[in-house]
Amino acid sequence: MISDDFMVPEPVRVLRKQQELETTWTLELEPGGAGRRPFLPGQFNMLYMFGVGEVPISLSGDAGQTETLIHTVRAVGPVSNKLAALKPMDAVGLRGPFGVGWPMTAGEGADLLIVAGGLGLAPLRPAIYHVLRHRERYGRVILLYGTRSPEDILYAGQLEEWNKRPDVEVHITVDHAGGDWLGKIGVVPSLVPSLDFDPEDTVAMVCGPEVMMRFTVNALRDAGVEDESIYLSMERNMKCALGHCGHCQFGSTFVCKDGPVLSFDRLRGLLSLKEF
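Each step along the sequence shown adds one to the number in this note's numbering, with nothing skipped, and position 163 is 163.
If you are wondering where the hints come from, they were derived from the structure by calculation, not from laboratory data. Errors might be hidden in some of the hints.
[Stated by the list, open to error] Below, in silico cross-link-like pairs of lysine-lysine (BS3-like), each with a Cα-Cα straight-line distance of 30 Å or less:
{"id": "1", "residue 1": "K164", "residue 2": "K17"}
{"id": "2", "residue 1": "K87", "residue 2": "K17"}
{"id": "3", "residue 1": "K17", "residue 2": "K82"}
{"id": "4", "residue 1": "K164", "residue 2": "K184"}
[As the list claims (entries may be wrong)] So the derived label-pair ranges between C-beta atoms look like this:
{"id": "5", "residue 1": "G269", "residue 2": "G186", "range": "23 to 29 Å"}
{"id": "6", "residue 1": "P78", "residue 2": "K184", "range": "20 to 26 Å"}
{"id": "7", "residue 1": "G53", "residue 2": "S194", "range": "39 to 45 Å"}
Positions of the beta carbon are idealized from the N, C-alpha and C atoms, including for glycine.
Full structure from sequences and hints, please.
See the structure below:
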């Protein structure tokens, strides 16, 4: 039985707001009257703007801290534009957390290859926080990140911090750049063939635009990573977040409750299916 708490948005306040990119903001929300519900890396909340509507937004903060709930929002539609316009002490409706998260337990003892495109770094950031807090549980940690341009790099300061760590490998590429860019140029799947890693001992976590994920999966499979070791976070048109309405149905899978994180062996033949 699903608790009514997950059906009705709870009003919470915005505590802090930070602009990340031109149209992208990070909101820190109070945890709610009953205290913050624990979440798993990769899960999402439904954020409700009163009188406008509701959208699923991945949790992008540290699951190990309990003071706030953190969401990174890109202003692309009516609800997300309203969310991006919120100010500290404004109210927003909150339901969640929902869904299946990243395979943090299944990945223990293995090397981790984390591949993000654009805003896809936000749903992966809680997984990175978890890995760094429990670094002894994992082997090599390789982060591949791609964006359209250097100006579109999300969490740039944090990426620099991670890159300074001796136990994390960070590779960043952009689709196009001016002459002052000294990094790699190209799409993020093109980084995979140049990596020296053991595909038989690697768990891959991938999040980004769907076309990017398809090409990344192809590159990972060509490198020898097994389908059941490749995990993707799928984005579909979620409404209820409980598997009741069917808006996010993906073949026989309901992305809101069976995902959003799914292994590729469950997704073969489905990535080209359009949402309703």
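For the pair supplied as a hint, K164 and K17, confirm whether the alpha-carbon distance does not exceed 30 Å.
-> holds, 27 Å
Taking only the CA atoms, is the gap from K87 to K17 under or equal to 30 Å?
-> holds, 7 Å
Quick one: are G269 and G186 within 23 to 29 Å, going by C-beta?
-> holds, 28 Å
Could you say whether the range 20 to 26 Å given as a hint is met by the Cβ separation of P78 and K184?
-> Taking Cβ atoms as reference, P78 and K184 lie about 36 Å apart, which means the hint is violated.
Using the beta carbons of G53 and S194, state whether their distance is inside 39 to 45 Å or not.
-> holds, 43 Å
K164 and K184: Cα distance at most 30 Å?
-> holds, 18 Å
Within a Cα-Cα threshold of 30 Å, do K17 and K82 meet the stated pairing?
-> holds, 13 Å
Taken one by one, the earlier hints fail for this structure only at number 6.
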